[in-house]
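Colleague: What follows is each chain in one-letter form.
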Amino acid sequence: MDISDHNRNAIFERLLRPYLERLYRLAYRLTGSKAEAEDLFQDVLVKLFGKLEDLAAIEEPGSWTSRVMFHHFIDNRRRFARQRLLSVDESQLPQKSIESLPGVDDPEQDAERLDDIIRLGKALAELSDDHRLVVLLHDTEGYKLTEIQAITGDPVGTLKSRLHRARARLRALLSAGATF
Amino acid sequence: MMLCKQLNEKLDDYMDGTLDETEMAVLQSHAESCESCQQTLKSAQRLRKLLQDCPVPMPDAAYFDRALAQATRVSTSHQRNRWIMTGFGGALAAGLIAWIIGGVLLKTPDLPDSDASIPGVVIALEVPYTVNLVFSSATELDGAVLTVSLPPGVEIEGFAGQREITWITSLKAGKNILPLTLIATTAHGGELLARLEHDNRDRTFRIRVTVT
Ligand SMILES: [Zn+2]
Chain Z
1 MDISDHNRNA
11 IFERLLRPYL
21 ERLYRLAYRL
31 TGSKAEAEDL
41 FQDVLVKLFG
51 KLEDLAAIEE
61 PGSWTSRVMF
71 HHFIDNRRRF
81 ARQRLLSVDE
91 SQLPQKSIES
101 LPGVDDPEQD
111 AERLDDIIRL
121 GKALAELSDD
131 HRLVVLLHDT
141 EGYKLTEIQA
151 ITGDPVGTLK
161 SRLHRARARL
171 RALLSAGATF
Chain Y
1 MMLCKQLNEK
11 LDDYMDGTLD
21 ETEMAVLQSH
31 AESCESCQQT
41 LKSAQRLRKL
51 LQDCPVPMPD
61 AAYFDRALAQ
71 ATRVSTSHQR
81 NRWIMTGFGG
91 ALAAGLIAWI
101 IGGVLLKTPD
111 LPDSDASIPG
121 VVIALEVPYT
131 VNLVFSSATE
141 LDGAVLTVSL
151 PPGVEIEGFA
161 GQREITWITS
171 LKAGKNILPL
181 TLIATTAHGG
191 ELLARLEHDN
201 RDRTFRIRVT
211 VT
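Protein sequence lines, in the order shown, are assigned to chains Z and Y.
Heads up: the first sequence at position 67 corresponds to 67 in our numbering, and the numbers run straight through without jumps.
Heads up: the second sequence at position 52 corresponds to 52 in our numbering, and the numbers run straight through without jumps.
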């Protein structure tokens, strides 16, 4: 496909816009922080603009762009993983999302929920990168195992056992606390 | 205790409902009478719910516009050349359409929906005709998105076959001119829309294209 220089921006935007939110969410799941997610997201957009002909030709841009992001993240893991080492603190949590969590309307429950989210964040930080990613993409983002396979290239069987081990580890980490 | 161990090992399958019927029935009836397993199931359910609700702080729409604009910046600077700064003098072509946006840029209501107030151009079939869209902005607007929608049978030179063309661009303070060369391929004519978006606000301008 020949794309005149003139019109690249418009085509890029039109092709990519439907996948921006999904890509950003993936960036956040990979990096675990807003600042790193924005860096990763921006890097990948620049990269994708350089691959505009591929983007235009590809059948499933959602999966392909996610794969590009995943590999860019892996190749630059050290740079993007910085903030993962920090414990999750309240300021990192999106106030708005917490307020809009379903079924939360009394302050006591709200506080309990916030506490749960913080503890979950800490438990997730204890998992290996592979384990954390599979549980966040599958259980949180609702990806199918085949969709994760398309991004990471790992066989479904491997992903499934990794998912089960990740959940078991999370349960163990969380049940160490009294209220869970 | 045997069953407790079994349930713990098969917990994911139990919750996913992917166990075979017999095993499921055995574990279910055990769980009903085992407090420890009830507790296990409860916390597994709670973890699932919590994971489902685990939020991503999403940036606003303007962030995505900026990120896109940033990614295309090499090309954007090329596009910026299409905007011509002008003193708004008499040197402009006869086809000038002056769409002046005042100091309350993008907040003012759209042009009224009456035919009389819509500026128009008359163009001949298959003869290129340049109109200059003039945008006057009180302030610099970075990463503005301009979308031009064309009536059927009217094309912009260099964008053959496209009904909608989008630029990500920046407006300087003052008057910005975007020259568009129109070519009519059929005698239909109609309305050309130019939609300018910036920072979640937008304004649409209309121009009547008559083909003779
Ligand atoms: Zn039991």
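It is worth saying that the hints were derived from the structure and are not from the lab.
No residue lacks a Cβ here, since even glycine has one placed at the ideal position from N, Cα and C.
Check each hint, because a few of them may be wrong.
[Said to hold, decoys possible] With a cut-off of at most 35 angstroms between alpha-carbon atoms, the simulated DSBU-like pairs for lysine-lysine come out as follows:
(1) LYS144(Z) / LYS47(Z)
(2) LYS172(Y) / LYS51(Z)
(3) LYS51(Z) / LYS160(Z)
(4) LYS42(Y) / LYS160(Z)
(5) LYS172(Y) / LYS144(Z)
(6) LYS5(Y) / LYS51(Z)
(7) LYS47(Z) / LYS42(Y)
(8) LYS5(Y) / LYS122(Z)
(9) LYS42(Y) / LYS34(Z)
(10) LYS42(Y) / LYS10(Y)
(11) LYS5(Y) / LYS49(Y)
(12) LYS49(Y) / LYS144(Z)
(13) LYS49(Y) / LYS34(Z)
(14) LYS122(Z) / LYS49(Y)
(15) LYS34(Z) / LYS172(Y)
(16) LYS51(Z) / LYS144(Z)
(17) LYS144(Z) / LYS5(Y)
(18) LYS5(Y) / LYS34(Z)
(19) LYS10(Y) / LYS49(Y)
(20) LYS47(Z) / LYS160(Z)
(21) LYS42(Y) / LYS5(Y)
(22) LYS160(Z) / LYS144(Z)
(23) LYS172(Y) / LYS122(Z)
(24) LYS172(Y) / LYS160(Z)
(25) LYS122(Z) / LYS34(Z)
(26) LYS160(Z) / LYS34(Z)
(27) LYS160(Z) / LYS5(Y)
(28) LYS47(Z) / LYS34(Z)
(29) LYS172(Y) / LYS47(Z)
[What the hints assert, rightly or not] Residues on chain Y that point at chain Z, a partial pick, calculated with CB under 8 angstroms:
(30) GLY17
(31) LEU19
(32) THR22
(33) GLN38
(34) LEU41
(35) GLN45
(36) LEU47
(37) LEU50
(38) VAL56
(39) ASP60
(40) PHE64
Colleague: Please flag the earlier hints that this structure goes against, numbers listed from lowest up.
Modeller: The structure breaks hints 5, 6, 7, 18, 23, 24, 30, 31, 32, 33, 34, 35 and 39; every other hint is satisfied.
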